[in-house]
Amino acid sequence: MKHLLSASDLTREDAVRILDTAEELLGVAQRPIKKLPTLRGRTVVNLFFEDSTRTRISFEAAAKRLSADVINFSAKGSSASKGEGLKDTALTLQAMGADAVVVRHGASGAPHRLAHAQWTRGAVVNAGDGTHEHPTQALLDAFTMRRHLAGGGAGPATGTDLAGKRVTIVGDVLHSRVARSNARLLHTLGAEVTLVAPPTLLPVGVDTWPVRTSYDLDAAVEKSDAVMMLRVQRERMNASYFPSEREYSRRFGLDRARMDRMPAHGIVMHPGPMNRGMEISADVADSDRSVIVEQVTNGVAVRMAVLYLLLGGAQQSNEGTA
Amino acid sequence: MTDHLLRRARPLGGDPVDLLLSDGLIAAIGPDLDAPGATVVDAEGLIALPGLVDLHTHLREPGREDAETVLTGTQSAARGGFTCVHAMANTSPVADTAGVVEQVWRLGREGGFCDVQPVGAVTVGLAGERLAELGAMADSAAGVRVFSDDGICVSDAVLMRRALEYVKAFDGVVAQHAQEPRLTEGAQMNESALSGELGLVGWPAVAEEAIIARDVLLAEHVGSRLHVCHLSTRGSVEIVRWAKSRGIDVTAEVTPHHLLLTDDLVRSYDPIYKVNPPLRSADDVAAVREGLADGTIDIVATDHAPHPMEDKECEFAAAAFGMIGLETALPIVQQTMVDTGALTWEQVAQVLSARPARIGRVEGHGRPLAVGEPANVVLHDPDATHTVVPGDTASLSRNTPYAGIELPGRVVATFLRGTPTVLSGELTEGVHA
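These protein sequences, in sequence, are chains G and C. Each residue of the first sequence is one higher than the one before, starting from 1 at the first, in UniProt numbering. Each residue of the second sequence is one higher than the one before, starting from 1 at the first, in UniProt numbering.
Next up, chain C with everything else stripped away, as it sits in the complex:
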């Protein structure tokens, strides 16, 4: 295995220093390191972060290989600086058995671009009726620790309670897609004056907040940990803040698009802006940014949701929900949080790497940039800018809402256990041990 010497990188945005990656580990950190035989990577001006970890990715395989495969999704992840992604369970067949989660996990390993940690479904077939074999998935080779019916809310209070209790046996966590189903039947966009004007069925904030409120109380009652997926409203932030102040073991995520985009984009009726939960108001955007800055929201997760063009080139009501986002996540976090002074790069490493790895109980990811730690490292150029071009992605899908928008920052290199998956901004052959 080739050693790599990252010359004059800035770990977590600090002072320039050399990092030597050898045998899958960070072998040395120091000024002017000497490493005969190592490939030297000029990292002057680049920020080194621990490899990013996404707790919320849709890889679509098995079932919708026209939209994304584990290979293309993990290649897209690598280009975005990720070394580990959690693959959501809403595939076809649903990842509700040990067999399916092991298949997805193995496809990730074989691809060699990014570790894939499968998320197991909470209920059989995401049907919300009875628990899937959570223990079997936990004990499988995939070692599932995160369980979610994402895309669908575990709305039945008893079933949610049982899931929260049951996963304690193997230190699992239930990641809830908070959406009260009856309040959101046929919902298309944030419920507001604009939804009334556009004649699109509204998705009210209360439908998210009511479930989060119920779930934090359930988690408190049964003493379980709870993770809230993609929270999007000011009220949700306030409920989670209250829950944490009571000592409830809850974590929460926000997506890059909810940090940046607002619902007025839907005025175009362009389904590229159709996503679940929907884009919210500018006040909600301000609230999730504040929540992320003060630690109420623990992490940023992409909710990368690839869809073929025909599911977006149609009427708004007929279109699929979702946006791709692996390759734009770090630039958007830089734009909305770092360049605004709300987060330091050290904190970015927390919200995009250390904490998601901790929530997902992933070994070997989200570790400090320190000697002896796994060499999962991303080099990011904060001074670069680029204009988003929908086709310029490793994803099979093109449904980015940022087409034509200029974003700051660029991932220059990603290392997975010491081997580059991206170098000079281009995908490599991956890791093939």
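Okay, chain G solo, but in the shape it has when bound:
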């Protein structure tokens, strides 16, 4: 694996290896000295064309705990807004000797261009591109699900996947890179994925995805081992995707009453940041079923595993899967 651009780059074996590696690395966070020497002397650039404090600090913490040198490159204003273009930025990073580039970009496919236009030789990790994909988010979600749902729900469950687990993803699938990456990765790991959204927020061609779709959240929650709520962007609210915030919330929001219909072991997830009171009520977000804060913790471990396997463990991993 040279790059991580899409969840579909990963085979089941790749994904399980990342989750297992993350499981080992999670222990580092519990130690008094949270640092491994693995990537000493390697340079990881966080190239963020879009603001995303949480994802950036998660990758930064991951790289630093592996002793990599981290450069944060906030390149707000892409070529679209006549700032420095993607190509020149990539050439600059190449000249600086970046071993890995973690890229967040508002344009779908920008990491793909970075990886394949031969402007840079470093490994490219997609940290979220437009409405396309966010593969490390899907990995940390899968990691969190595996800890809670697989192997009896008692922790690591190393070596296993999510076979037969029922995951419901709710909300703005059309514009969600989190939903795209999760649908693919969870399918690869054997989970049964159901997307629940108003018809306006499901993409054309969703019938070709390896998922089920539904407009009925009440029916879906009853059969869900995990329910993942997606953030509804403010700008969607005035674009006729749904009549009003309140109607959306009534039909597609997760409140206490809906949560109570989930199976006893079911968990509630959200990639953050949340709109409390819109797609998720405050008492659900703060309930015992909620694993939202844990997702953040797991994010660091999963990103450590990805950087480790791309940079440190590249020799052992499968060639050509990306």
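Hints are computed from structural coordinates only; laboratory data are not their basis. From a predicted model like this one, the values you see are computed outputs, not experimental measurements. Positions of the beta carbon are idealized from the N, C-alpha and C atoms, including for glycine. Worth double-checking, as some hints may not be accurate.
Here are a few chain C residues that face chain G, going by a calculated C-beta distance under 10 Å [as the list claims (entries may be wrong)]:
#1 62
#2 63
#3 188
#4 193
#5 194
#6 195
#7 197
#8 198
#9 201
#10 268
#11 269
#12 313
#13 316
#14 317
#15 318
Fit chain C to the given chain G structure using the hints.
Positioned in the frame of chain G, the structure of chain C alone reads:
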């Protein structure tokens, strides 16, 4: 003026015969012609077609001379076998006045490689708010007959109706870029399962088809002729077929790239494949080929759209729409239509020369290869093949989607009123009377 004797050319793919070009006209056609003093061009095995006419070219001048000029664009056209191109109006300033269209027309004449017939904007500044002075452009030296806001759709139904009606006074035609604007806000590629997967905003077929349906009904209602630019979907073909069956005076064009390429190329996120209307599905490609073969689609037009590299070497969403295409048009028509048996060379002469000239009301182009007709002739070698190299073009731009692809056929010579603009596959000095 030097006479040229085209020895053993095959007019419209027929039997070999000699053609003598003299004083700007086809002076004689026959076996073993004797023409003392004439330059002999060995045309053994070459197909002679009337000089090609493009109804849809972006020459970028005035305003974007970094992408193309009238001179370089017409040189590229000559290399592609064209003797007349229609220059689209979306320049800067917009070709919405008699002054701008006359400037573009004159630049074409001065260049001497290909006649330039300017297209006038339908609305002032392409803003879609009020009609440009269509009559002034029609009456200018450029004699504009085709009006288009191409790049932008005349989406306002009343304005479209008025334009269709108004141009009747001078036998003009409105060439519509059919794109419902609200259905295509931010659109990047064909809307399909693939656009959903790639996370690129979709450009749905219905946005094209809805406008074409409306426009053919408007044209019927007001009794005007309508031309549909670059139609790209099966539904569009069906609507135009229906309209023609009702006797509506509509013509339609398809681009070479919509005859050949499909939207799965966008999977690479390479903006070289970003074009408007977008590349469509394989089923749509089959439908436009059928439409061209059965005459539903009247012509092939290039939509040659040069852009500097920096507008293509970037993120897909940030990139400009468009592909160059003058020099690859005839090879692609050969590959997709002739070599597949869908069109004869005689029909190629119709779709790439006679009909576009007729739609544009251009005198002296798109005429038969007959004695006494203007000597606008292209010699094409159908047995040659070549691999497309982006830099190997007279265009200032390199945004060809065919890099590395092998295409059949090669333009060997192009004659504009009897004078070669291309000879032995190379540009000449042009026509300087």
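Where does the structure disagree with the numbered hints, that is, which hint numbers, in rising order? 1, 2
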